[in-house]
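Two chains, two separate frames, one set of hints: put the complex together.
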Amino acid sequence: MNAPNKSGWKPAMELSEDGMHNGPATTTGNRALMLEEPLLFEIGRADVTGVDLPEIDTSALTRLGGLERADAIGLVGLTEPETVRHYTRLSRQNYGIDLGFFPLGSCTMKHNPRLNEKMARLPGFADIHPLAPQSTVQGALEVVHQLGHWLCTLTGMPAVAMSPKAGAHGELCGILAIRAAHEARGDAREVVLVPESAHGTNPATAAFAGYRVEDIPATPEGRVDVAALKARLGPDVAAVMITNPNTCGLFEKDFREIADAVHAAGGYVYCDGANFNAIVGKVRPGDLGVDAMHINLHKTFSTPHGGGGPGSGPVVLSEALAPYAPLPFVRKDDAGEFYLVEEEDGEECGPTFGRMTAFHGQMGMFTRALTYILSHGADGLKQVAEDAVLNANYILRSMEDILHAPFAASGPCMHEALFGDKDFGGGLSTLDVAKGLIDEGYHPMTVYFPLVVHGAMLVEPTETESKTAIDQFIAAFRAVVERALDGDEALKQAPYYAPRRRLDETGAARKPKLAYEG
Amino acid sequence: MRYLPLTDTDRQAMLATIGAASIDDLFVDVPEVARLDGPIRGLPMHASEMAVERHMKALAAKNLVAGDVPFFLGAGAYRHHVPASVDTIIQRGEFLTAYTPYQPEIAQGTLQVLFEFQTQVARLYGCAVANASLYDGSTACWEAVAMATRVTKRSRAVLSGALHPHYAQVVKTMAHFTGDTIADAMPAITAEPDLDGLIARIDEDTACVVVQYPDILGRISDLTPVAEAAHAKGALLVVVNTEPVALGAIRSPGEMGADIVVGEGQSLGVGLNFGGPYLGLFAVRDPKHVRQMPGRLCGETTDAEGKRGFVLTLSTREQHIRREKATSNICTNSGLCALAFTAHMTLLGEKGLRQLAAENHRLACLAADRLAKVPGVEVLNTAFFNEFTLMLGGKPARAIVRDLAERGVLGGVSLGRLYPGVDALEHALLVAVTETTTEEDIERLAQELEASIKETV
Numbered sequence: 370m371n372a373p374n375k376s377g378w379k380p381a382m383e384l385s386e387d388g389m390h391n392g393p394a395t396t397t398g399n400r401a402l403m404l405e406e407p408l409l410f411e412i413g414r415a416d417v418t419g420v421d422l423p424e425i426d427t428s429a430l431t432r433l434g435g436l437e438r439a440d441a442i443g444l445v446g447l448t449e450p451e452t453v454r455h456y457t458r459l460s461r462q463n464y465g466i467d468l469g470f471f472p473l474g475s476c477t478m479k480h481n482p483r484l485n486e487k488m489a490r491l492p493g494f495a496d497i498h499p500l501a502p503q504s505t506v507q508g509a510l511e512v513v514h515q516l517g518h519w520l521c522t523l524t525g526m527p528a529v530a531m532s533p534k535a536g537a538h539g540e541l542c543g544i545l546a547i548r549a550a551h552e553a554r555g556d557a558r559e560v561v562l563v564p565e566s567a568h569g570t571n572p573a574t575a576a577f578a579g580y581r582v583e584d585i586p587a588t589p590e591g592r593v594d595v596a597a598l599k600a601r602l603g604p605d606v607a608a609v610m611i612t613n614p615n616t617c618g619l620f621e622k623d624f625r626e627i628a629d630a631v632h633a634a635g636g637y638v639y640c641d642g643a644n645f646n647a648i649v650g651k652v653r654p655g656d657l658g659v660d661a662m663h664i665n666l667h668k669t670f671s672t673p674h675g676g677g678g679p680g681s682g683p684v685v686l687s688e689a690l691a692p693y694a695p696l697p698f699v700r701k702d703d704a705g706e707f708y709l710v711e712e713e714d715g716e717e718c719g720p721t722f723g724r725m726t727a728f729h730g731q732m733g734m735f736t737r738a739l740t741y742i743l744s745h746g747a748d749g750l751k752q753v754a755e756d757a758v759l760n761a762n763y764i765l766r767s768m769e770d771i772l773h774a775p776f777a778a779s780g781p782c783m784h785e786a787l788f789g790d791k792d793f794g795g796g797l798s799t800l801d802v803a804k805g806l807i808d809e810g811y812h813p814m815t816v817y818f819p820l821v822v823h824g825a826m827l828v829e830p831t832e833t834e835s836k837t838a839i840d841q842f843i844a845a846f847r848a849v850v851e852r853a854l855d856g857d858e859a860l861k862q863a864p865y866y867a868p869r870r871r872l873d874e875t876g877a878a879r880k881p882k883l884a885y886e887g
Numbered sequence: 302m303r304y305l306p307l308t309d310t311d312r313q314a315m316l317a318t319i320g321a322a323s324i325d326d327l328f329v330d331v332p333e334v335a336r337l338d339g340p341i342r343g344l345p346m347h348a349s350e351m352a353v354e355r356h357m358k359a360l361a362a363k364n365l366v367a368g369d370v371p372f373f374l375g376a377g378a379y380r381h382h383v384p385a386s387v388d389t390i391i392q393r394g395e396f397l398t399a400y401t402p403y404q405p406e407i408a409q410g411t412l413q414v415l416f417e418f419q420t421q422v423a424r425l426y427g428c429a430v431a432n433a434s435l436y437d438g439s440t441a442c443w444e445a446v447a448m449a450t451r452v453t454k455r456s457r458a459v460l461s462g463a464l465h466p467h468y469a470q471v472v473k474t475m476a477h478f479t480g481d482t483i484a485d486a487m488p489a490i491t492a493e494p495d496l497d498g499l500i501a502r503i504d505e506d507t508a509c510v511v512v513q514y515p516d517i518l519g520r521i522s523d524l525t526p527v528a529e530a531a532h533a534k535g536a537l538l539v540v541v542n543t544e545p546v547a548l549g550a551i552r553s554p555g556e557m558g559a560d561i562v563v564g565e566g567q568s569l570g571v572g573l574n575f576g577g578p579y580l581g582l583f584a585v586r587d588p589k590h591v592r593q594m595p596g597r598l599c600g601e602t603t604d605a606e607g608k609r610g611f612v613l614t615l616s617t618r619e620q621h622i623r624r625e626k627a628t629s630n631i632c633t634n635s636g637l638c639a640l641a642f643t644a645h646m647t648l649l650g651e652k653g654l655r656q657l658a659a660e661n662h663r664l665a666c667l668a669a670d671r672l673a674k675v676p677g678v679e680v681l682n683t684a685f686f687n688e689f690t691l692m693l694g695g696k697p698a699r700a701i702v703r704d705l706a707e708r709g710v711l712g713g714v715s716l717g718r719l720y721p722g723v724d725a726l727e728h729a730l731l732v733a734v735t736e737t738t739t740e741e742d743i744e745r746l747a748q749e750l751e752a753s754i755k756e757t758v
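Residue numbers (our numbering), protein chains in the order written: chain Y, 370 to 887; chain C, 302 to 758.
Bound-form chain C, shown alone (with noise of 0.2 angstroms):
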């Protein structure tokens, strides 16, 4: 076994030290009845790498590559071109194979990645202070929603019905267990968000207002008066951010009064991999929320002989300190998705970033023109970056994803997958648009789309 360095006789001598006749002496406190006496049985035994390696690649030829196609989905997960120089530096052995860096000393390289990644964090969200990083977005933003009920001494959350529904459902799914209300909403198929309708619903007992920015229907509208009603009643504004790219061209959520901002980064460094892992982004506007935040927090501190150097900090709100009093249960986060993100993000810069925006925004602007003109769509929104609504006039738009990727074009997501069920839903089509798209792909995509609307009932 190529992995276990092992040989017998370091063993049989290792036993001997230990005083031990046999292996398994070693495990005589496990009962009789639940020791094996060999190898499990109906499973496989050990393989080469290239045995392994033949069966792994089986499996992913079944799998159609989004690059090798025309691509268009979005709804919290982008593909965007990362450099190559990202894949090598989060493969050097020194960050791919070290731990949560717990011995600051030997740990300086991580600390100081994670020092950067924070800042590069707050100033995208216009925030004062992120942390070392969540799961992903959707976790990040139900620990966001239980830091809002912890700063506020309340437990009511307000869901804007366009925030993503994977997000609203996770949300749901721990309130149902913390005992928090939660308000949540259906999207209305609108050219605008409706920000009366959402004001409205907040009130004396709100904890927090959950808005989506850009929403889940690529909408983008100023939150500056969702922040204020919601000040006015004690409340804070949580805003969640799929698409960190968007925030090279729109004002951030902190300018506009978030007091909390969360976030999916796996569009910077990550990649698409099938859902996960990826990057949950936590911002905080204000420093004094700070020791309510959940998650790692690196801090810059000295050395004995001055020297500045970093350590995680304010670890009291933490599991491994507080136990069933900490702010979180979380302990594990994204690290080496963080390091992918900092390194990209380094590589764009202030410059690059903007520009990768604005290319997306053309892209997106183009396909938007283009696909209008397709009979029977429409495009809904007023307003977007790199992702808008189609609506296919009253055909089913389930049925024509599945029927353009038949046609080796994976044209979007539907609503009605993300919104099972809902009538009023299942004729809009998500597109997003990258700077990985090409004006050939638009056009393909406009050509299918023409033909496939005409062939489904």
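Bound-form chain Y, shown alone (with noise of 0.2 angstroms):
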């Protein structure tokens, strides 16, 4: 049942027939390195406390109001080492990059330089107001001025809008610029176009900027129809959003051909860069009639994903769209400096459609991709793209004999591959895969996305993985998948030695507990 394993690593503990350590079990409910942790509301104390603060006499608190609070507030704190340990024993019942290969498709989960961690904490950027008088804060300004300056040259567009806060924010940003430049001209236009392929984000961004959204049919090969979605453009559609390279991993290669004759049509087009990485340093959107575009620099960039972020999403814009953008902007005068435009700059302003966060963006996402773009520079971010690629077509090819991979024939994939669960036995399906890896000691790919693929199983390796540890994932991924296909019953159960065995859902949905009682 193990894997055919071409590092030669084998299990240190046999398994009994169900699957299952064969050692007693303890009393503490920990396995060795494997420890069992509590909630803090079940160690923690009112009356303790991790920092040396002044005991002050409350009473001496006079301009409340009389407001002061009167009941306890429900928080419970611990010492420093208390503390420090039971974060990390919570740790280390997660899965991060720095432990294990990561391959989720369209989350592009690359290697986080630790550089760019250093950078992001010097004071003179991580110590720094967003409301500080510009003269003292010329160096964030001209962190802000200079990754913009890569973005627009990397994507050949010629402004950026640098606030939005993460993708579905810098979603939000393209289609408010797209809304704000036709009312400026009175159309109003009221359907957006996505092709079922599509991230949720995409339709959720465009109904809450009070569009209405239709679906585009993709291909057999796995790209928008352009004929079906050119019978669709008309007077009453704003713009296509399409995703390039797009979430079946394969580069949409009428993509030019469909920003003409979406513009020849009065509207614009949106595209989702999320898979940005494939193509960094090798194709610039702008050349192929992108009007908008958000960079995922959590993604692409390298901004660490954090268990869900902050990530950071900046929007390139062409010349039709730029003036719309949102405030503030950061520009360069003729002497030099660095400024912000803001409500107050009335002209310089120009037509912008409002404000989408309080500050600037996400500063500490900015000095992060800076670095990482300095540190590749245009070389090694063509490198990245072609590695990436590589990589992906490597385990497509790989896996293709055993693993439906609807569109492998469509030629190479772009920097993910993806796989659907046809041919399974037994009624087994991607997740019982999923589960299997873990077991097998890898993060799983995406699962069940995009929508057009049954079971759809979407691996996305990135440049930062050696092809020794490519190899290891491959014999693991196969052994896992030739199990599902013999229809393994034990693979229903999995996984068995992750710090949880599979989760009930379902029942967490039907009576939700959201907050610690007691």
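Please note: incorrect hints may appear among the correct ones.
Unchecked claim - Counterexamples of contact, computed for chain C against chain Y with all Cβ distances above 10 angstroms: (1) Ala359; (2) Asp369; (3) Ile500.
Stated by the list, open to error - Residues from chain Y that face chain C, not an exhaustive set, calculated with beta carbons under 8 angstroms: (4) Gly413; (5) Ile466; (6) Cys521; (7) Tyr708; (8) Val710; (9) His745; (10) Lys751; (11) Lys882.
Hints listed in this document are in silico derivations from the structure and should not be mistaken for laboratory results.
Each residue gets a CB set at the ideal place from its N, CA and C atoms; glycine is no exception.
Structure representation (structure tokens):
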């Protein structure tokens, strides 16, 4: 049952027939380095603190307008050693890129260079206030300006809005700029076209911006159906939102033709840049007719995902949309001084659509992304795209003989390889393969997305894996897939070796328990 | 290139497996006109750690570090001392380099942290349920308005004049596109906020009334009458808090009847960071509103062996399931900042947070008393927590702030910067004081302010 393994690695413990450990139960519930950890509220106390602050007579709190808190807040504290241990123990129940291969398709889980972390923590970046006098934060404004210049040059676009806080926020920025541009010429278009393979954020964003969303079908090759899209274009279509490379891992080769048709019909082209890692330094989206595209700095430019953020989603804009960019933005004057254009700057604001966030964007992500970009340079970034695409194609061609690869015949994939669960036996599905990979020590690929493929498995290796690491993954992946093809019942109970077995998600939603009670 | 493990030999072997002659064969689907033949021109090539560090340090050195000078800026971003252990915790690779916990069996660390975070935020706010974070306070504020329109099926929001102007701008920007009506106002320069005036603006079409607490001028007042008035008209009360430390000293918004409480969590664990990344907090008082909430939620459950565990739950509200019918388009949130907040809050605990709040207030009272003695200066507020408004006797606050910076003091945020072009507000200065402020800092500000006022026309 164990995976054929090119590295020669074998599990240290013999397994019983049901795939379980043979070892005895422990009294603590711990298993050596696998440590259970209670909730903070079960170990902390109201009268314990891990900071040394002066004891102050709270009756001296005299200017609170009679609003002094009467009752306990209900918080608990730990001393520093207890705090460090609590969160360190919890951290060990997590999988991260630092621990192993993390081929989560569409999420670009590449190595996070530690120089980026170090630079973001320089007090000159980390300890400055967003509303400090601009003469005192020239270096910070220059970071925003330099990064913006790189993003514009890499995408071949004339302008960039830096303030959006994440990819979905960037999408919103682009779509609002599009709507503002239409409104400015009195054109009340109502529809945004979105391919059915799109990320969920695309339709959600368009709907949030007040548009009606219509699906565009995909061709059997996994690309946008250009004929269907062209047939739907008309005076009511404000924009199309297309991910390129798309979520099936393919380059939309007719993008330019689509863009020209959309422009001819008076609409704009939004490109979801989630997959920019495949083409960074190789292709400039501006050459393909894009009007707006967000760039997930936490994907392509390796700012850490942090267990779900923070991200950062600058949006590059075409000449047509640039005037509508949100405030504030950074400019450089003739004397070489940097300054922020804010609400007050009348004429310089232009017809901006407004403001998306309180301050200027994710500065902490800008410093990390700029550090990453400067480390790679134009040559390194090109190599990033090439290696990412090479690794994905290597996995595609190493798996397609045993695993359904619906678009393998469509040509090379880009930075991710897409598979489906069509041939699995014994009622097994994609989820079981994902959980089986967890037991093998891998973070699973993205599952059940995109929706256009049954039981989709989207594998994105990124460029920061060695050939050895990829070969080991392929061996493990093949072994688990073979078990699924054979209908191996044991896979239905996987994972066996993770900190938790399968969790009851239905129960969690039926009777939500969203805070500690007690 | 130090981050790229493939060797040329590897690349050749892999191309052979794929059946491609060269890397360019893998890019055949890119139209020829769009294919670049070499590295993009006009950009530098790769650089060593040392060279990059030198470049970034030179940029950082051009900024005046808050911790190096007497520092009094606030207005939605506060400088607090973050214990050293917070940063080592968030730099654990298992937290730093993890993804959103969609595979819960190997993400219990992140999930349990989120459950602890949600509990801490809910208790701090006096609410039943908090979500797993949003981008920042301003976007959380808009999400609260949007949620109130869904709950009440009404489309008008009344904003207090003393809501942070950037938050109001975000709400107005979004409402323009969603078709909701926003009734906003300018702040009145009065010692206490005009709650009667605010209540008078609530009508039968109002989905929610949005009030900041403490408000943009640092004032605090009992919001119970606003809650009662809103509820009498079938509207929700949204309370915005930009300084969570304040809630260690003053009553929680939930206690005063707020239905949705949102805020900025940056004060705890996160730092100033020139405005981002920050931490959006979002909570509801009544659990029946949970299904209308935006953003991720972590819930408790059990695994197949009956052990307690945590998962992301109620995701049928979210974009990756509901697409255009989702409660919000938000996907990525502020997970790592939430961890920093929670670790800092754990170090403080009930006792530490109350002490921290008391120390902030004590120093703010000292500062207010000292600054009130500067000729021509008056303290506007009757009540405040750690931030108050100074009236500069007709002198332009923006010019004074710039002049103070020249004198090596970051003296506050001028209302003129926040409300450009509003003559009535340009003589007011917001001053924030935290536990990081020393009595020497306060004395220095008082002296430089006195000199600056004398010399500024």
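Inset, instruction - Identify whether the interface hint at Ile466(Y) stands, where standing means a beta carbon of chain C within less than 8 angstroms of its own. - result: At 4 angstroms from the nearest chain C Cβ, Ile466(Y) passes the 8 angstroms test, so the hint holds.
Inset, instruction - Tell me if His745(Y) is really an interface residue toward chain C, meaning its C-beta lies closer than 8 angstroms to one of theirs. - result: Given a least distance of 5 angstroms, the restraint on His745(Y) holds.
Legend entry - Hint check, Gly413(Y) versus chain C [nearest Cβ-Cβ separation less than 8 angstroms]: Cβ of Gly413(Y) sits 6 angstroms from chain C, so the hint holds.
Inset, instruction - Mind checking the CB of Lys882(Y) against every CB in chain C and telling me if the closest is under 8 angstroms? - result: holds, 4 angstroms
Legend entry - Non-interface claim for Ile500(C) versus chain Y (Cβ beyond 10 angstroms): holds, 18 angstroms
Legend entry - Hint check, Cys521(Y) versus chain C [nearest Cβ-Cβ separation less than 8 angstroms]: violated, 11 angstroms
Inset, instruction - Go through the hint on Tyr708(Y) and say holds or violated, using the shortest Cβ distance to chain C against 8 angstroms. - result: The hint is violated - Tyr708(Y) has no Cβ within 8 angstroms of chain C, the shortest such distance being about 13 angstroms.
Inset, instruction - Verify the interface restraint on Val710(Y): the C-beta must sit less than 8 angstroms from at least one C-beta of chain C. - result: This interface hint is violated because 11 angstroms lies over the 8 angstroms limit.
Inset, instruction - Test the statement that Asp369(C) is away from the interface with chain Y: the closest C-beta pair must be farther apart than 10 angstroms. - result: The assertion about Asp369(C) is violated, with a minimum of 8 angstroms to chain Y.
Inset, instruction - Tell me if Lys751(Y) is really an interface residue toward chain C, meaning its C-beta lies closer than 8 angstroms to one of theirs. - result: Lys751(Y) check passes; min Cβ-Cβ to chain C is 5 angstroms, inside 8 angstroms.
Inset, instruction - Would you check whether the claim that Ala359(C) is not at the interface survives, using Cβ distances to chain Y and the 10 angstroms cut-off? - result: violated, 8 angstroms
In summary, the numbered hints that this structure violates are 1, 2, 6, 7, 8.
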